[in-house]
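Colleague: One line per chain: the protein sequences are A and B, in this order. Add 119 to the 1-based position in the first sequence for the working numbering, that's all there is to it. Add 32 to the 1-based position in the second sequence for the working numbering, that's all there is to it.
Hints in this document: simulated from the structure, not taken from any laboratory. Everything hinted at is true.
Ranges between beta-carbon positions, derived for each pair:
#1 F255(A) / P99(B): 28 to 36 Å
#2 E246(A) / P215(B): 38 to 46 Å
#3 I321(A) / S77(B): 28 to 36 Å
#4 L124(A) / V41(B): 52 to 60 Å
#5 A281(A) / N151(B): 35 to 43 Å
#6 G128(A) / D143(B): 36 to 44 Å
#7 H247(A) / V41(B): 49 to 57 Å
#8 E246(A) / K298(B): 49 to 57 Å
#9 A248(A) / I34(B): 55 to 63 Å
#10 H302(A) / Q252(B): 41 to 49 Å
#11 N151(B) / T280(A): 37 to 45 Å
#12 H247(A) / I34(B): 55 to 63 Å
Calculated from the model, a selection of chain A residues having no Cβ within reach of chain B, i.e. all distances over 12 Å:
#13 E196
#14 A213
#15 R372
Model, not experiment: these values are computed from the prediction. No residue lacks a Cβ here, since even glycine has one placed at the ideal position from N, Cα and C.
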Amino acid sequence: MNNVLALAGVVIKELYRRKDFYVLFILTALITMVLGSVKFFNDDRIVRYLKDACLLLIWISSLVIAVTTTARQIPAERESRTILPLLAKPVSRAQLIVGKFLGCWLACGLALIVFYFFFGAITASREHAWPLGIYFQALWLHWICLGIVVALVLFGSVVFTAPSSNATVCFIIVTGIMFCGGHLNGVAIHMGGISGTILYAIYYSIPHLEWYDVRDFLIHNWALISWAVCAGATLYGLLYSALLLGATWLVFRGKTLTL
Amino acid sequence: MIRLALLLVFVCCFTLATQLAPVFESFQARSGRSGSPLLVLVGDSRRLFANQFFVMADVYFHSGYYPTIFDARKKEGPSHLDVASHEEAGGSKAEHEEPDEDDQFLGKPKDWIEQFGRNFFPTVHTHLQGPNAREIMPWLKLSAEMDPKRIDTYVTAAYWLRTSLDKPDEAEQFLREGLRASPDSHEILLELGRVYFYNKKNPRAARNIWELALDNWRRQNLAGEKPDPNVQEQILGELVRDDQQSGNLRQLLADLEELAKASPRKGTLDKEIQDVKAKLAH
Numbered sequence: 120m121n122n123v124l125a126l127a128g129v130v131i132k133e134l135y136r137r138k139d140f141y142v143l144f145i146l147t148a149l150i151t152m153v154l155g156s157v158k159f160f161n162d163d164r165i166v167r168y169l170k171d172a173c174l175l176l177i178w179i180s181s182l183v184i185a186v187t188t189t190a191r192q193i194p195a196e197r198e199s200r201t202i203l204p205l206l207a208k209p210v211s212r213a214q215l216i217v218g219k220f221l222g223c224w225l226a227c228g229l230a231l232i233v234f235y236f237f238f239g240a241i242t243a244s245r246e247h248a249w250p251l252g253i254y255f256q257a258l259w260l261h262w263i264c265l266g267i268v269v270a271l272v273l274f275g276s277v278v279f280t281a282p283s284s285n286a287t288v289c290f291i292i293v294t295g296i297m298f299c300g301g302h303l304n305g306v307a308i309h310m311g312g313i314s315g316t317i318l319y320a321i322y323y324s325i326p327h328l329e330w331y332d333v334r335d336f337l338i339h340n341w342a343l344i345s346w347a348v349c350a351g352a353t354l355y356g357l358l359y360s361a362l363l364l365g366a367t368w369l370v371f372r373g374k375t376l377t378l
Numbered sequence: 033m034i035r036l037a038l039l040l041v042f043v044c045c046f047t048l049a050t051q052l053a054p055v056f057e058s059f060q061a062r063s064g065r066s067g068s069p070l071l072v073l074v075g076d077s078r079r080l081f082a083n084q085f086f087v088m089a090d091v092y093f094h095s096g097y098y099p100t101i102f103d104a105r106k107k108e109g110p111s112h113l114d115v116a117s118h119e120e121a122g123g124s125k126a127e128h129e130e131p132d133e134d135d136q137f138l139g140k141p142k143d144w145i146e147q148f149g150r151n152f153f154p155t156v157h158t159h160l161q162g163p164n165a166r167e168i169m170p171w172l173k174l175s176a177e178m179d180p181k182r183i184d185t186y187v188t189a190a191y192w193l194r195t196s197l198d199k200p201d202e203a204e205q206f207l208r209e210g211l212r213a214s215p216d217s218h219e220i221l222l223e224l225g226r227v228y229f230y231n232k233k234n235p236r237a238a239r240n241i242w243e244l245a246l247d248n249w250r251r252q253n254l255a256g257e258k259p260d261p262n263v264q265e266q267i268l269g270e271l272v273r274d275d276q277q278s279g280n281l282r283q284l285l286a287d288l289e290e291l292a293k294a295s296p297r298k299g300t301l302d303k304e305i306q307d308v309k310a311k312l313a314h
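Working from the sequences, and respecting the hints, build out all of it.
Modeller: Next up, the structure:
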């Protein structure tokens with residue numbers, strides 16, 4: 120466990136040493152504040168468009184951080200050959216994967232806390248309220264979603280040779296699932312036949328990342344989501360992450376470490 | 033040497049800018065468009081954006097409960113946002129009201145994934161009420177920026193501004209912006225008259241505007257442009273209301289007779305006409 124935590128610690132340090140997070144955060148803050156400075160029909164209490172834009176930027180930024188940070192972990196270690204002394208410590212390959220996953224996931228969690236605090240502050244400046252319950256639920260579900268994404272990218276990093284191709288493919292998969300994942304069943308029923316059955320099978324197999332996007336609840340001030348539902352989504356996300364990490368380990372354990 | 037080259041590039045850029053600026057300005061003047069970089073960038077596709085922004089206003093009006101392109105709509109028609117702004121008597125639902133059958137675009141869940149997934153987006157049909165309607169305004173403003181000739185945008189925004197938000201001055205200003213883009217619009221004139229009649233309590237100005245709206249409607253009808261007969265009925269309805277308020281029975285009789293020709297509620301109006309005639313006979 121100590122090995123895993125040590126590896127995770129290195130990844131977290133990498134996040135705050137690199138400029139990715141700072142650039143994305145400043146960009147998010149800047150765009151949100153520029154949008155917030157616009158006044159429509161002399162009404163300074165209009166806020167939902169601002170919440171919408173801010174949350175969209177937070178989702179994009181967090182996905183960029185998760186994918187780019189994770190995609191370079193194992194290829195960078197292999198390229199610089201630091202993976203060889205690392206595995207000779209002794210650190211097993213399974214520990215390496217879990218450590219990298221935990222580091223990236225925790226780093227994303229830290230970034231999310233900063234982003235959501237900024238979102239809360241911007242919202243409170245107009246609505247004069249801090250609905251902490253729904254903020255916590257949104258942040259938690261967002262983090263669980265990023266856990267699946269990190270595991271998926273880690274799996275991609277042992278399958279694809281270049282981090283860039285891995286990142287591109289993972290971005291396409293993640294955005295595809297976010298936009299269409301929940302509707303594949305309807306499309307499959309309309310298609311019918313063998314292609315419909317295949318599509319339905321894909322629908323059941325993919326991780327349903329769209330569940331974790333509860334932006335509408337925050338934007339339109341809906342009530343809290345049931346905690347039991349949140350727990351169910353958490354369990355689903357953790358199981359999917361574990362499944363992807365297991366697949367990563369299976370591929371990685373038989374892989375040669377030199378390029 | 034490098035500095036000299038950079039200086040040369042700078043001089044070239046400056047000269048080019050002085051040459052291109054007048055050309056760009058004359059292009060703007062010819063095309064009659066505003067010089068907003070956003071409009072120049074999106075070109076004629078701005079109408080698509082205008083429609084999309086209007087839809088976004090409707091999404092906000094329903095607090096996020098809205099069909100996606102994958103969801104089957106029961107019937108095509110105007111949005112609830114649009115309908116509410118055209119119906120003075122109000123047909124809007126209270127917030128957190130149960131959905132009608134027509135509004136249940138989701139249908140029954142097909143599997144457990146879909147059923148569970150419905151916990152993560154709004155599934156209750158509600159409409160924004162009172163001052164909360166302000167949240168749709170940014171999208172309507174953007175829609176008008178994108179397509180200044182989209183009349184529904186002005187009418188809808190002005191309706192919510194003058195009713196729920198109690199901002200008649202802003203409503204009037206926005207409608208006048210719309211009139212500059214579409215000077216013959218009887219819909220915008222109808223709404224502008226309402227601002228004067230109901231909010232600014234200036235029935236004389238309202239009457240003049242409604243009469244102008246009616247003239248525009250008739251002119252377009254004669255030109256074969258097939259204007260919406262419902263708008264003519266609404267204009268005449270407002271004129272009748274003004275007559276009733278002012279107590280001008282002769283004008284009321286004339287407007288009621290005109291309204292009876294245009295309205296499908298002929299029976300009810302005939303009775304009213306008889307009543308007015310009886311009052312005039314006394």
